[in-house]
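Starting from the known structure of chain A, arrange chains B, C and D on it as the hints suggest.
Read off the chains here:
Number of protein chains: 4
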Amino acid sequence: MDSSIGENIRLTIFGQSHSPAVGMTLEGLPAGCPVDQDALIRFLARRAPGRNAWSTARREEDLPEFLSGLAAEKTCGVPLTAVIRNRDTRSGDYAALKETPRPGHADYTAEIKYRGYQDYAGGGHFSGRLTAPLCIAGGICLQLLEREGIQIYARIASIGNIEDEGELTCSLADRDFPVVSPERGTEMLALIAERRAQGDSVGGVVECVAVGLPVGLGGPLFGGMESRIAALVFGIPAVKGVEFGDGFKVSRLSGSENNDPFRIRDGRVVTETNHCGGILGGITDGMPLVFRVAFKPTPSIALPQRSIRLTSMENAEMVVTGRHDPCVVPRAVPCVEAAAAIALYDAWLGRKKEE
Amino acid sequence: MDSSIGENIRLTIFGQSHSPAVGMTLEGLPAGCPVDQDALIRFLARRAPGRNAWSTARREEDLPEFLSGLAAEKTCGVPLTAVIRNRDTRSGDYAALKETPRPGHADYTAEIKYRGYQDYAGGGHFSGRLTAPLCIAGGICLQLLEREGIQIYARIASIGNIEDEGELTCSLADRDFPVVSPERGTEMLALIAERRAQGDSVGGVVECVAVGLPVGLGGPLFGGMESRIAALVFGIPAVKGVEFGDGFKVSRLSGSENNDPFRIRDGRVVTETNHCGGILGGITDGMPLVFRVAFKPTPSIALPQRSIRLTSMENAEMVVTGRHDPCVVPRAVPCVEAAAAIALYDAWLGRKKEE
Amino acid sequence: MDSSIGENIRLTIFGQSHSPAVGMTLEGLPAGCPVDQDALIRFLARRAPGRNAWSTARREEDLPEFLSGLAAEKTCGVPLTAVIRNRDTRSGDYAALKETPRPGHADYTAEIKYRGYQDYAGGGHFSGRLTAPLCIAGGICLQLLEREGIQIYARIASIGNIEDEGELTCSLADRDFPVVSPERGTEMLALIAERRAQGDSVGGVVECVAVGLPVGLGGPLFGGMESRIAALVFGIPAVKGVEFGDGFKVSRLSGSENNDPFRIRDGRVVTETNHCGGILGGITDGMPLVFRVAFKPTPSIALPQRSIRLTSMENAEMVVTGRHDPCVVPRAVPCVEAAAAIALYDAWLGRKKEE
Amino acid sequence: MDSSIGENIRLTIFGQSHSPAVGMTLEGLPAGCPVDQDALIRFLARRAPGRNAWSTARREEDLPEFLSGLAAEKTCGVPLTAVIRNRDTRSGDYAALKETPRPGHADYTAEIKYRGYQDYAGGGHFSGRLTAPLCIAGGICLQLLEREGIQIYARIASIGNIEDEGELTCSLADRDFPVVSPERGTEMLALIAERRAQGDSVGGVVECVAVGLPVGLGGPLFGGMESRIAALVFGIPAVKGVEFGDGFKVSRLSGSENNDPFRIRDGRVVTETNHCGGILGGITDGMPLVFRVAFKPTPSIALPQRSIRLTSMENAEMVVTGRHDPCVVPRAVPCVEAAAAIALYDAWLGRKKEE
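Protein chains in written order, with my numbering: chain A, 1 to 355; chain B, 1 to 355; chain C, 1 to 355; chain D, 1 to 355.
The following block holds chain A by itself, in its conformation from the complex (with noise of 0.2 angstroms):
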């Protein structure tokens, strides 16, 4: 099924930009599981639109209401189910598209797909309004990880050819804007600004890293971790790459260079570098888990772009209106953090079958 995945817990994600509500479920969370529900709006904040100079004007509230799943502020063992309203819709905005498909958008390959019955205002279930219950998904999956003694990052690592400087080594959710040097983040926001004032967009890359992980999650083939990972991450919409440890570069090293020694460490088994992104055949091995995605620049410009007409099968020009992001870099990050979550914490209880 599309829009569910994972084998120790079940998420499904449902709802459309316009329709009356999106929302989740989340099956497989063991009961007793406390929920932070505080926690889980703070999170949400961070993909909200509307907030910041480099995001849509679009404002949601996006408090989920919890309708199932819960007793006592604590997972009772079943379905836990929450939605978000969707308010502030303007549908009229997008009724033409239909007849004349957005470039880099699913209007097109949706109006075939769906047979010409999709829900196309606002983007529908493609939307990228979608990312919010996948963020509710994360955000609980992040508080019961945490609670294990492992904590998920993600970062801004580039905004067009600019890129962020230093490692990545605790969370950046209290920054407006996730990078580690500030000078280069002011670098990226003058460069969203300015495609922003030319009514063009740009894209980026976030980069995630998870620590405190045991040895043992994921399994070898489509059980790897890079697989799980891939999976959900491929699944926000705008993502074309996904990179672990340091991905397409490995493949211009050598064994020797690229192997990563193991090494006992204060008795524990560590590896000297971290080429591989903690991750050995498809299992982790006790090391930070480092992956990175490529994000697209938004599809919706502002810019004359070259489109057709369906219904005649003519060539035409047109011009995107409605509210869009110039970046979704920034707002992705805590989608990536959420994508990441969901895959560990379906792997972590996964190993609890095996022991």
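Since the hints were made in silico from the structure, they are not lab data. Please note that a few of the clues may not be correct.
All copies of an identical chain are treated as equivalent in the list; a pair is satisfied when it fits inside any one copy or across any two copies.
Stated by the list, open to error - As a list, the in silico PhoX-like pairs of lysine-lysine whose alpha-carbon atoms are at most 25 angstroms apart:
(1) K352 <-> K249
(2) K98 <-> K353
(3) K98 <-> K352
(4) K98 <-> K74
(5) K249 <-> K353
(6) K74 <-> K249
(7) K98 <-> K249
Okay, now just chains B, C and D, sitting in the frame of chain A:
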């Protein structure tokens, strides 16, 4: 389940490097599909070991025996199982690895995950040999897709720092070394030979293209073709990155550069460019689907390496013996095609339910 | 996952008896299917409480709100989620049950399974109220099957020792008390009233028939229509047995009595008799699919019962208070139809992949 | 997928009656579990053909070969695959059945479902022979459950109208004909012999008990032990009904008769009676889990039967040749135990995630 994948067809891979056999079961194939066993054997030969200067000296005939699922050379609608016997196994080579894990391998992580009960001989279920059943499944899917007018072909895009030149526009299945530019191929082979002579290894990138796809394969969120393909491709040992279309490069572009304008050409909808790699909103748009896969250098090198002794928890030196490829990339080319074929045939079958 | 089922469509049921809402998500519905909400509400009314002498005094409007999956009253191809708010809840009635479990209920087993964290109010996720979302899903599937010429209808086959008479040949949806013989219906109602007056309850059997089925739904082994229907029907609380065709009776027959001879009639293949209940080898044969479902008497009775105190581990007497049906069978009739419809529509959709 | 089942372990059954082999893959078994192959072979011998007066004359050694998943006689944590070669096949016996389907068999429905491409020899994937791999999987699960103090045993509860007497309180695995009462067993054997002499067949009922179960296996809705066991048991050919505890009989009772009072006995929670068959709300309550399975009489009888000719669409007479059991029930006893063991071990493993 780690070793299974798929929704409309379900692939299960079984076997260890030195168990009596490796094999696979493919469920969900419609009845009445011809399986050309000669063509399949030719396909498998492309990833078989022991044939070239750049591959391990282990030789296996790699002839699949079909145990079930066929009647009169056609699928009969029930699970199709094929196995390949393991014959040329030398388990003695591997006995020491349980105690002293090879850097860059699953030895250590599997030891912990399976609490000492893993089958360490030859890498067990983590061995590259498990790509043989992947190629059986993929080879069959390739045949089924071809009957629908869909072709999939891959090439070596780079080995180390040497990149292939020219566009990949047709199958290179008949070439010993699948590159577009013979000059670059010669350089790559020289680099592989050099690394082998040094007792070292080298990584590379495989590029894969699927043409003839209808519009509408895939779906939103985790049903996107990127998620589906990535989950399969990361199941191939040594893969550390997957990118679609222009991939990581698009993170540096602006929307006006990256958006692919729609056009009408010969009465069909096309895009002028194909930065998106034939996928919009997770769904095929009818243009060539393009992705690239980063492979790390073979971790099994002949040079001495730093490792540990697990029982005494001490640092140790070790040398990997046994027979290994100095570069897995050439043999990985059909594996990537196979992975893509399984993902695409699964999506193609899913599409039938929607019509 | 306990609360999910289905292969080609996937149903997830969420909610507790006293949580903010109960609801369901149905994934995999093709786009463009009209959902007649009025017809659905009429269907749901058949299982709604508080309307008859034989049902609980709890009243709920049971009006589903669709949160997602529809556009212009038709499915739009993405997950369809509908919820029913819980309004008339009186949680105070249930506080003692955590300590003193009701005989015949899940109170004790849920207490252990969820280590004390279950939502015990109103039976939580084990409440008969969870059949409301089952009926939303089933009601939609019934509509979709009807468009394919398939009809499903059930009746009360027996209450206590009183058996209905006559063959079930058409829908009884418009009857308050769905039996073929009004005389037997009157007797059954009298028995229910008698048991209620005694502070007791009574069980019964529901028979369900599906007509208009094509040949070929279902499959071998666990894909058989028996497995698919049974897995759903046993999900209805209080079900203790399911049998197909002549069911347990065939265990007493000889092959020559039980085999249904094939005949050609009006150019179609039929069977002369239908002992097999329209299923051969797990696959529909085009004859009416017939099955029967045994319901136990409602365990919540007004009479004093023997139970225990869990904290002190002592024997105890208890009396169940709260509002309960003296017989669940009448309200279970649409639930059984719903379960059958979900299983059959799933199989019907799966059939499309084979063609 | 029709031939796969399970959530925490996943069983896939493959093979046709006359294909090179039948077999099974079991995924999800923890590493380090000993597999006693001798005990497994003894278990398989109980369902093997050709050993008794009441079974088909086809003889197969039914010795499983393990292709993968074991290292040093223990599970190694990866898919366990075992196959049994088909040797004594006489495909010629079956050639006519494609044209003239046997009443009571899958011949006709499979012909339509697979559009003529099914493997009809020996019943293909619908053959009772496919219960051999079911018994491999079940036999292994039985061993694993036994190590946890759980035992499962079944008996012939009735053949035709002859019912066994006495309670089933221990394994009858060492009896040729597993009944509690030898007198009734003798009568049953006489009835089977009589039916065989008549060229006819007879059905029966198998009763199965699991003891030593912890409280808490299973779950609400479709995760109930009834759903899980029924989905597996209906996968055994010829099963037409499944009931738990007192089953259909409870439909005739009042709540005060049927509710099982809780009591404290020896410091443990028990129920005074066990009408519910050890399952409350889908979850085991620690009492013996009891269920009964109705088997139809073998459809393959020697008497002339009415059928049709599919190509000419005419009525026809036919006589089934080949070798067949006059009663499948004795050989079905270990199959029912196997099905129960798979469902229970799956639930047992799932329980580990909750703790």
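Hint by hint, here is what the structure shows:
| no. | hint | in the structure |
| --- | --- | --- |
| 1 | K352 <-> K249 | neither (34 angstroms within a copy, 40 angstroms between copies) |
| 2 | K98 <-> K353 | between (48 angstroms within a copy, 23 angstroms between copies) |
| 3 | K98 <-> K352 | between (48 angstroms within a copy, 23 angstroms between copies) |
| 4 | K98 <-> K74 | between (44 angstroms within a copy, 16 angstroms between copies) |
| 5 | K249 <-> K353 | neither (36 angstroms within a copy, 38 angstroms between copies) |
| 6 | K74 <-> K249 | neither (44 angstroms within a copy, 40 angstroms between copies) |
| 7 | K98 <-> K249 | neither (41 angstroms within a copy, 30 angstroms between copies) |
In this structure, the earlier hints numbered 1, 5, 6, 7 are contradicted, and the remaining ones agree with it.
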